[in-house]
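Mind assembling these two chains? They're in different frames, but the hints should get you there.
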Amino acid sequence: MEEEDEEARALLAGGPDEADRGAPAAPGALPALCDPSRLAHRLLVLLLMCFLGFGSYFCYDNPAALQTQVKRDMQVNTTKFMLLYAWYSWPNVVLCFFGGFLIDRVFGIRWGTIIFSCFVCIGQVVFALGGIFNVFWLMEFGRFVFGIGGESLAVAQNTYAVSWFKGKELNLVFGLQLSMARIGSTVNMNLMGWLYSKIEALLGSAGHTTLGITLMIGGITCILSLICALALAYLDQRAERILHKEQGKTGEVIKLTDVKDFSLPLWLIFIICVCYYVAVFPFIGLGKVFFTEKFGFSSQAASAINSVVYVISAPMSPVFGLLVDKTGKNILWVLCAVAATLVSHMMLAFTMWNPWIAMCLLGLSYSLLACALWPMVAFVVPEHQLGTAYGFMQSIQNLGLAIISIIAGMILDSRGYLFLEVFFIACVSLSLLSVVLLYLVNRAQGGNLNYSARQREEIKFSHTE
Amino acid sequence: MHGSVEHSWGWGHSAPSPLLLLTLFLFAAPFGLLGETTRQVSLEVIPNWLGPVQNLLHIRAVGTNSTLHYIWSSLGPLAVVLVATNTPHSTLSVNWSRLLSPEPDGGLMVFPKDSIQFSSALVFTRLLEFDSTNVSDTAAKPPGTPYPPYSLADFSWNNITDSLDPATLSATFQGHPMNDPTRTFANGSLAFRVQAFSRSSRPAQPPRLLHTADTCQLEVALVGASPRGNRSLFGLEVATLGQGPDCPSVQEQHSIDDEYAPAVFQLDQLLWGSLPSGFAQWRPVAYSQKPGGRESALPCQASPLHPALAYPLPQSPIVRAFFGSQNNFCAFNVTFGASTGPGYWDQHYLSWSMLLGVGFPPVDGLSPLVLGIMAVALGAPGLMLLVGGLVLLLYHKKYSEYQSIN
Numbered sequence: 001m002e003e004e005d006e007e008a009r010a011l012l013a014g015g016p017d018e019a020d021r022g023a024p025a026a027p028g029a030l031p032a033l034c035d036p037s038r039l040a041h042r043l044l045v046l047l048l049m050c051f052l053g054f055g056s057y058f059c060y061d062n063p064a065a066l067q068t069q070v071k072r073d074m075q076v077n078t079t080k081f082m083l084l085y086a087w088y089s090w091p092n093v094v095l096c097f098f099g100g101f102l103i104d105r106v107f108g109i110r111w112g113t114i115i116f117s118c119f120v121c122i123g124q125v126v127f128a129l130g131g132i133f134n135v136f137w138l139m140e141f142g143r144f145v146f147g148i149g150g151e152s153l154a155v156a157q158n159t160y161a162v163s164w165f166k167g168k169e170l171n172l173v174f175g176l177q178l179s180m181a182r183i184g185s186t187v188n189m190n191l192m193g194w195l196y197s198k199i200e201a202l203l204g205s206a207g208h209t210t211l212g213i214t215l216m217i218g219g220i221t222c223i224l225s226l227i228c229a230l231a232l233a234y235l236d237q238r239a240e241r242i243l244h245k246e247q248g249k250t251g252e253v254i255k256l257t258d259v260k261d262f263s264l265p266l267w268l269i270f271i272i273c274v275c276y277y278v279a280v281f282p283f284i285g286l287g288k289v290f291f292t293e294k295f296g297f298s299s300q301a302a303s304a305i306n307s308v309v310y311v312i313s314a315p316m317s318p319v320f321g322l323l324v325d326k327t328g329k330n331i332l333w334v335l336c337a338v339a340a341t342l343v344s345h346m347m348l349a350f351t352m353w354n355p356w357i358a359m360c361l362l363g364l365s366y367s368l369l370a371c372a373l374w375p376m377v378a379f380v381v382p383e384h385q386l387g388t389a390y391g392f393m394q395s396i397q398n399l400g401l402a403i404i405s406i407i408a409g410m411i412l413d414s415r416g417y418l419f420l421e422v423f424f425i426a427c428v429s430l431s432l433l434s435v436v437l438l439y440l441v442n443r444a445q446g447g448n449l450n451y452s453a454r455q456r457e458e459i460k461f462s463h464t465e
Numbered sequence: 001m002h003g004s005v006e007h008s009w010g011w012g013h014s015a016p017s018p019l020l021l022l023t024l025f026l027f028a029a030p031f032g033l034l035g036e037t038t039r040q041v042s043l044e045v046i047p048n049w050l051g052p053v054q055n056l057l058h059i060r061a062v063g064t065n066s067t068l069h070y071i072w073s074s075l076g077p078l079a080v081v082l083v084a085t086n087t088p089h090s091t092l093s094v095n096w097s098r099l100l101s102p103e104p105d106g107g108l109m110v111f112p113k114d115s116i117q118f119s120s121a122l123v124f125t126r127l128l129e130f131d132s133t134n135v136s137d138t139a140a141k142p143p144g145t146p147y148p149p150y151s152l153a154d155f156s157w158n159n160i161t162d163s164l165d166p167a168t169l170s171a172t173f174q175g176h177p178m179n180d181p182t183r184t185f186a187n188g189s190l191a192f193r194v195q196a197f198s199r200s201s202r203p204a205q206p207p208r209l210l211h212t213a214d215t216c217q218l219e220v221a222l223v224g225a226s227p228r229g230n231r232s233l234f235g236l237e238v239a240t241l242g243q244g245p246d247c248p249s250v251q252e253q254h255s256i257d258d259e260y261a262p263a264v265f266q267l268d269q270l271l272w273g274s275l276p277s278g279f280a281q282w283r284p285v286a287y288s289q290k291p292g293g294r295e296s297a298l299p300c301q302a303s304p305l306h307p308a309l310a311y312p313l314p315q316s317p318i319v320r321a322f323f324g325s326q327n328n329f330c331a332f333n334v335t336f337g338a339s340t341g342p343g344y345w346d347q348h349y350l351s352w353s354m355l356l357g358v359g360f361p362p363v364d365g366l367s368p369l370v371l372g373i374m375a376v377a378l379g380a381p382g383l384m385l386l387v388g389g390l391v392l393l394l395y396h397k398k399y400s401e402y403q404s405i406n
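Just so you know, the protein sequences line up as chains A and B, in that order.
Read left to right, the first sequence gives residues 1 to 465 (UniProt numbering).
Read left to right, the second sequence gives residues 1 to 406 (UniProt numbering).
So that you can see chain B by itself, here it is in the shape it has in the complex (with noise of 0.2 Å):
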């Protein structure tokens, strides 16, 4: 999981379209939080002076005017708060006896309070695995019988500040389950890596996601836990807090652009009211070996978001602590690979990334050797024809003019 994120190299790296920073430009005069190019990101694992180590990860990014607070932790199931505020200075308060309270109401809080221009949550409850044996229908939802699902709110996790990378900006929460009877995760564990960024780039391995300072990356990985069968499918199930009665939606997006993640299409995009404002946004593909690459990719589904209702999902006590107790959640399903193709019982490995951010989503343009070679390609056999064309026709003139005297 430490594997490290390299800024792109060189032509690889495309800036957002000239249409795409004006758009920003103009409305971010209103928000007063967008289209930062750079911010000063620091990492602080907040300490829990009064009992027992827990991981409280704050990331706080500050632009000229804005600053960006991502709180992470994996107190209950690992859950990941985002506030904007429209101020530099705006800074983040723990009670951590209020926190680890029953009532963890107003455990967290950002000040000035009237600075926050937009919060919301994710929360990673439950992995969810499915027996895909006798399933041929790759679209099938769900993608197979399902096994028991473990709850992340049972996991116990490592000690974050011994991965925080304050080089590379991240910090990776690595866990197993705390009661595992069949010790399917004997040698595994179920990893998050987070990592936020000072300016805008692409990391080096796939999918490649292009990501700003106004964007926080998380990859989870799966690595070594004995699937239950032959043919298992892994899949996460995030729940997120809804904006009114509705849900937020997860967007399709279909571009012609693959360059970054060959043969994959399609971006999705869970989009917290109309923008600009909070999304997350992910590839549609998971890789069953590191480093990724074509032959180890394994498509996604994702579910649409639903009222969380069916079932009591694991309360995070920061979400709580934030927002209140008085909250609608939304769940979703994100299942990694099919019955058939490569999967998770290649390697027992399994990553997926996603982007989390505030603003218009980062979009892919074509790269300047595409667009370069397009101009040559296009431009040279016109241009000889011209060339050649003027040059006949001069020729040709002289000629008949030659011709005509004779």
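This is chain A alone, in the form it adopts within the complex (with noise of 0.2 Å):
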């Protein structure tokens, strides 16, 4: 709630310089809040971007959140109820090339934001709709819509702080949006469950309309970040003509025939990356019930155990950063990462310790891989692939986990949860693999991927030289 005031309060600093939109800014006199120069203006700016993305992630893992409510309330199957999921990674296999160009050649950052935003918006509302008349094909339809909004909006809150950060804060402003994402979820995942018990306290009965109305409050956070991308938006114009600074670009230029000059280490990571993945996404999605059916949890402690990967993932994601900037050696860092989730995923499947072990271990792991495998990318394309490349890392990513959500619930249905998790280890495993191979193929290239910082600080200075 904190938050919320602090929200409103920005958006009310925000309120005067829209009454005097016409009169001509005297930059001089403007207090340090309202300065675009000023430091202070800039955070106010990073605590919008911050809230920008929040609706988005918060209401990603609403199905998870809700697994049992949306399962029993839409009478859905555990196949079906992936196909939530699903069918928000179909839009991004092909919007991962274009989110970057639509913002930089249609629509600007500005519009681009406010446009994805209010698809996020009507996606969520779409999806809760789909609740109250309980017609679940419209909760699909509601889905792919936020999904087309949803992760072009991450490229667009990216793009943002690069424009008003770069040269400054800029690491620093990353890490807390992907901090603030992980709050987003943590906060989706104990809250949702709460709300939907006060609807139906309220109704007096469980049903498709008291799930339908708890997802239309959870879409308030959507509208929240589109006022946050309307605010953003007319502080960035205000800037440009203050500063005179440049509207914001993605720069990415994404060129399809790249993708056969790609060598075998970039195939390797797409690997390592997808095959890592579809563990951890699909198993947060489908985790909750597990952790009441096989460990007994109350539905709270569910909740709360299955959003510890994104707890942990938001202080632990700086640090980590730090840590293999430092050292370099991102491919063993990389192997620790996976070898973890590999431990952790058999520590879940085969024993009946307690799983706040195993899930913590998932949560280091999975932020140390974000930090070493992503950057990796840079290290084996040259720079002008370098749009393509990512473009292409998450487009067969979220390929990866529209497909392996659907197979999760298929498995889950029929054979249960320790073969899913049988299933999830094999990923791993194969992700493990890849690992290995591709620290074998460097060193008999003789690649740069697995140089310590020291080795790249010389190879950096000889090449000055």
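What the hints contain is simulated information worked out from the structure, not anything from laboratory work.
Quick caveat, the model's predicted, so the values are computed rather than measured.
Any given hint might turn out to be false.
[What the hints assert, rightly or not] Label-pair ranges, simulated between beta-carbon atoms:
{"id": "1", "chain 1": "B", "residue 1": "V391", "chain 2": "A", "residue 2": "T351", "range": "32 to 42 Å"}
{"id": "2", "chain 1": "B", "residue 1": "G382", "chain 2": "A", "residue 2": "T351", "range": "12 to 22 Å"}
{"id": "3", "chain 1": "A", "residue 1": "V94", "chain 2": "B", "residue 2": "P304", "range": "51 to 61 Å"}
{"id": "4", "chain 1": "A", "residue 1": "L202", "chain 2": "B", "residue 2": "P304", "range": "32 to 42 Å"}
{"id": "5", "chain 1": "B", "residue 1": "G382", "chain 2": "A", "residue 2": "K249", "range": "25 to 35 Å"}
{"id": "6", "chain 1": "A", "residue 1": "L256", "chain 2": "B", "residue 2": "G382", "range": "29 to 39 Å"}
{"id": "7", "chain 1": "A", "residue 1": "W267", "chain 2": "B", "residue 2": "D165", "range": "54 to 64 Å"}
{"id": "8", "chain 1": "B", "residue 1": "D346", "chain 2": "A", "residue 2": "K326", "range": "56 to 66 Å"}
Built from N, CA and C at the ideal position, the CB exists for glycine as well.
What follows is the structure, encoded as structure tokens:
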């Protein structure tokens, strides 16, 4: 709630400016909060940027937080339930290539952000309406629309960050945005079940209407994000006027023909990425019932443990980022992360040990992997192909998530959680195999992937010489 | 209720672990009736020549050096007497006139008497119904306000001979209340499908309990009866013989393996004394649809066994005929479903299975497919690291030698 107050204050602070839109700005006379060249103003913008993504991250995991309720009220099995996640991923298989293009060439960053925020809002509202009218395909359609906005909004958010903070506090800003995203997911996991029970008490019965209303209320976060998008657009335009700052660009150049030039290490990185993430996100999507059924957790405790991966990721991502930056040796860190994930899944599958241990380990390894894996792409791809490589990586990650979500649901319905875990273990193992192969290929080719930070400095130094 | 129970297919089958087989073998010697892998099973309806048709089903499972007798009857409440003997030649003798008399003691006997290693009985006394409308706590006991129960002693049953199926070794007792003033059972019935097995296998229908030749499966199905409330939960009251002054215990076993009953990680066992002895085994899950699946799975609650003193249990003539009148009964309730989630109200269907047997209860092992995937999943990266490391090491050595000469 405190954040919301801050939000309100931030908007109020923007309010008076709105009034004197027509008047010519007098930069020297502006208070710090309203002066785009001052830190205080940038912090205000940062706050808006963080809340820009909050809504979409909050609503992305709504199905996971309400798994039992969705399945019961809509009378769907797990396979159909997981379609809600698959439908989110499908549009992004394609949009990952075009998000940057749309922002740079078609809409511009400001309108792009607003449009993607609208997609997120409309998607969530349609999703909720599907619940209210008890029409499951409408819910799926809602998730599809939501997906169109969701990932592209993340691209827009990063573009804003670069445009406002480049050469200043950029890494910190990226870290904070990521943390905010994780906080959104965590709040969702722990709030939605409670909200559902309150609505249920209010209406007197559970059912699809209760579900729909709960989701509709969850959609308020998307409206908040839309308001942030509007405020950001205004402030950005104002900054352009005052500082003669250029409109932010993703600078992504996507050339699909570049794909044929991708090297073996890059393909291995793609495989690691897909095989790793499909064993994390669909698991979290299905995790809540696992913890209640296998470990006898209460609904609230299950929500809490299911969100622990995000909770850990919020503070640990910057820490691990620093660690990997300082030490280098990316492949070894990736190897550690994947191996730890394997161990964590094995603990969940084959032991009755307290699952907090395994989930904390999963959270740590997930954060470490993100910090060590994604920068590796930059080492194996020439700079002009970087946009294509990252777009491709996100695209196949979404493709993998869409397909594996459906398969995971089918496995769970027919063979249960043990088999599902074994399936995830096989995925992580494939990822591990690719890491080992990447290490060997890199060694054999004399690649730079596993250099320590000092070696990298030396090489950079010798190049500049 | 005549759904075929197929033998499990291919890799779905899982044999008891070697350790278990070893312990079975070791214990088998003194106890004399355990660990038979195959049995000759025969089902026989014992006719009553003297009067009206009575359902008395004798399942005889003969192994190399033991015989199991399951005597099922709907005389009085539905009941089963389970007798294990250490000879392949033991026989059942029925004295109908005594069995149907008010003092049925001795009406049912297994000869030779000294070959009996274990005997016990289960009596299904009442069908319970609760109104769960205002219950939010799913673990509440009782699960709601009880309606007057249906006494199974006052049910009329079909002629068991008609439902006897020698191919699947099964028979079905199907009944409804004799007096049904509110006509709740006008289109409904309560059925007990009994099935014996000649070897170890696993049915295709959930909960897919692993059965052996030493077990007999009971599948209870309530179909089409009108519930008396919108959110009626049903339950079954089961009585059994206490061994000595204490009641047997229901153990809840937690397992990591839910491959055969998705999302059910628990197995409940009623043990009549220290192992090996008789047991009843079930997964705490019932299904509100046929065929059962995860979306129609209802959680089951079994109450602890308590001495049946609170009210006079309906007497089963066959239990009294075999065990005499001096017995203390213990009773427990199994209730199916919770106030939220799927329930009987969905399709007016409910099914629940249990195994009844002698010896060590069957234990599920990890399926070969799971073990195979794990072996490959863990082996492949390790092997790759080993081979690749060796290759690189040799390559590196050659390379450094070359450099040193240089």
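Could you work out which earlier hints the structure fails to respect and list their numbers in ascending sequence?
-> The structure conflicts with hint 5 only, although it agrees with all the remaining ones.
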